[in-house]
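Protein chains: 2
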Amino acid sequence: MSQVQSFDWGGWSEQELRRIDLAMQEWLKPFEPQALFESMRHALLGGGKRLRPLLCLAAREAMREFDGHTPRLDLEQAALRAACALEMVHAYSLVHDDMPCMDNDVLRRGLPTVHVKFGESMALLCGDALQTLAFEVITPESEEVGEVIQARLCRILSRAAGLKGMCGGQAIDLSSVGLQLSQTQLELMHAKKTGALLRASVLMGAACSSLDNGQWQHCAQFLTTFAEKLGLAFQVIDDVLDVVSDAKTLGKTPGKDALNDKPNFVALMGLEGAKGYALGLYDEALDQLSQSGLKHTQALSALAQLVVHRKS
Amino acid sequence: MSQVQSFDWGGWSEQELRRIDLAMQEWLKPFEPQALFESMRHALLGGGKRLRPLLCLAAREAMREFDGHTPRLDLEQAALRAACALEMVHAYSLVHDDMPCMDNDVLRRGLPTVHVKFGESMALLCGDALQTLAFEVITPESEEVGEVIQARLCRILSRAAGLKGMCGGQAIDLSSVGLQLSQTQLELMHAKKTGALLRASVLMGAACSSLDNGQWQHCAQFLTTFAEKLGLAFQVIDDVLDVVSDAKTLGKTPGKDALNDKPNFVALMGLEGAKGYALGLYDEALDQLSQSGLKHTQALSALAQLVVHRKS
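Sequence order for the protein chains is A and B. Residue numbers for the first sequence, in our numbering: 166 to 477. Residue numbers for the second sequence, in our numbering: 166 to 477.
The shape of chain A in the complex, shown without the other chains (with noise of 0.2 Å):
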């Protein structure tokens, strides 16, 4: 924890949040029609944590120390671009989720979802159009990013994003309604439901290295299972918030799980189960940390307590 605390964790993440959030503005220009643009806008800019986002440009600090001398802003810039892809994902999901054909919810960050206020057949095009973004910002046609880094962003994005990550885990948590799962099954699908996105989140930060593939894959294999411990974290405490939270807290409407009668670790293993599940998986995340020998992954630290810690 000492790491923790000789970082300045409040400067580094207000400035990467205000550089995450030009950088979304620049690139989700005002364009017609307005109600594609302004429904885009709503899910993309209307708040959130940023949390993937921010783990990718952490796990990019991670891998300064292999730069050499000069500033690899190439790199930076990449990094820049793939954190604005996983959010572009990330909301499009949330878009989706959202419908009345999937969980009908009529509030999210506090807001009107974005099929209340812009109509579903909107919302629909809204995410179709932001997942396609999300592959428009990671291959620019400028030079500004190598196309070796372009190529190794849409893979890790693509694979996280589809039928063997996001994709595929909504639709296992689809067909699980009602259904009693196992520890292992709840898990399998939340490694593929939320925990895809966040590993892509570290690998993709990751990836913005000039370190060649195999030297690449050693500081990889660590930063993996840091991102899979933490993943599931999130979600362990993602269920304890929808039992204690209330909206307001939330942003979002809670207990929705127990109203759908989805299974989640609250139900399975008790709130103070839950609750030190996600704590014992916290340390186990930070150790692997540790032994990467990596100098500078006191963001990726910071990032872990505060996903363990989080009241929404």
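Don't read these hints as lab results, they were simulated from the structure. Just so you know, not all the hints are guaranteed correct.
Where chains are identical, the list cannot tell them apart; a pair therefore holds if satisfied intra-copy or between any two copies.
[Claimed, not checked] Listed next, the in silico DSS-like pairs over lysine-lysine satisfying Cα-Cα at most 30 Å (straight line):
no.: 1; residue 1: Lys427; residue 2: Lys282
no.: 2; residue 1: Lys440; residue 2: Lys194
no.: 3; residue 1: Lys460; residue 2: Lys329
no.: 4; residue 1: Lys427; residue 2: Lys194
no.: 5; residue 1: Lys282; residue 2: Lys440
no.: 6; residue 1: Lys329; residue 2: Lys214
no.: 7; residue 1: Lys460; residue 2: Lys194
no.: 8; residue 1: Lys282; residue 2: Lys460
None of the values given here were measured: they were computed from a predicted structure.
Position chain B against the provided structure of chain A, taking the given hints into account.
Positioned in the frame of chain A, the structure of chain B alone reads:
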């Protein structure tokens, strides 16, 4: 036309359609949950003209003269991946367009639409996952496709499918119901809604070449205009068929535009006017191929002919 007659279109297209179908089956192997797999297979492998994949492979064919003496299996493979990715994006757009909140269509290619067969929530996920799979297929982990080509393909596809292309066109279409559009406005809408992906089909095929970016731009210029003329002709014929065809031939519900008060070319210029306009665009498209000086454009010409003379 002598060029088209001396080219074995039947043999070429039969072989390429088989390659496309085998490749799509390879990239969409059975997985859990079964409902997501089955819905994606229904959307992707349940028929269709495969116009976009064929355009892509025909454009790759046109670039063959720059290959040199050794067969470029890597470029052939890249084009096949691009072809399948284009069909995946097209299929996803149809699944989402057919949903109740959009066109609410129950019939597609003579079969029940995905949401009718698998439910709305699965149709939403099916479309989402098909879009992601497109980007996965063009960014293989293995080195069979070079990273420069991978990045090129992602760039073209994401720009064609997103807010500046297909999704943007859809949103303009949504906002135009009941409005009187001018021919210019109608053409702009279609240039995005269907034109952008047809243009990308030709460009992605052409991108699978050994030319450097400068030389490639020169060829791409003629092929781009060819694709734009063809894309517009395709849409004009679509509007003609919507009036003159029946559900059995068309494989989908005809007469929807008039019913939904959607602007279209037949309403704007009459049935005969629209037919003549499409034939003129066809001639202009072929003219671009002649001007390009490329030697192997026979498959592209044959496809253009099919587009304006199709019955469904």
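Give the relationship of Lys329 and Lys214 under a CA distance limit of 30 Å: within one copy only, between copies only, both, or neither. both (25 Å within a copy, 28 Å between copies)
For Lys440 and Lys194, with the copy left unspecified, which applies at a CA distance of at most 30 Å: within, between, both, or neither? neither (42 Å within a copy, 38 Å between copies)
Can you tell me if Lys282 and Lys460 fall within 30 Å by alpha carbon in one copy, between copies, both or neither? Neither: 46 Å inside a chain and 53 Å across chains, both beyond 30 Å.
Intra- versus inter-subunit Cα pairing at 30 Å for Lys427 with Lys194: Between copies, since 28 Å is at most 30 Å while 39 Å is not.
For the identical chains here, do Lys282 and Lys440 meet the 30 Å Cα criterion within one copy, between copies, both, or neither? The answer is neither: 36 Å in one copy and 41 Å across copies each exceed 30 Å.
Intra- versus inter-subunit Cα pairing at 30 Å for Lys460 with Lys329: neither (32 Å within a copy, 42 Å between copies)
Alpha-carbon proximity context of Lys460 and Lys194, limit 30 Å: Answer is neither; intra-copy 38 Å and inter-copy 42 Å both fail.
With 30 Å as the alpha-carbon cut-off, assign the pair Lys427 and Lys282 to within, between, both or neither. Both: 27 Å inside a chain and 24 Å across chains, each within 30 Å.
Figure legend: structure checked against the earlier numbered hints; hints not met, in rising order: 2, 3, 5, 7 and 8.
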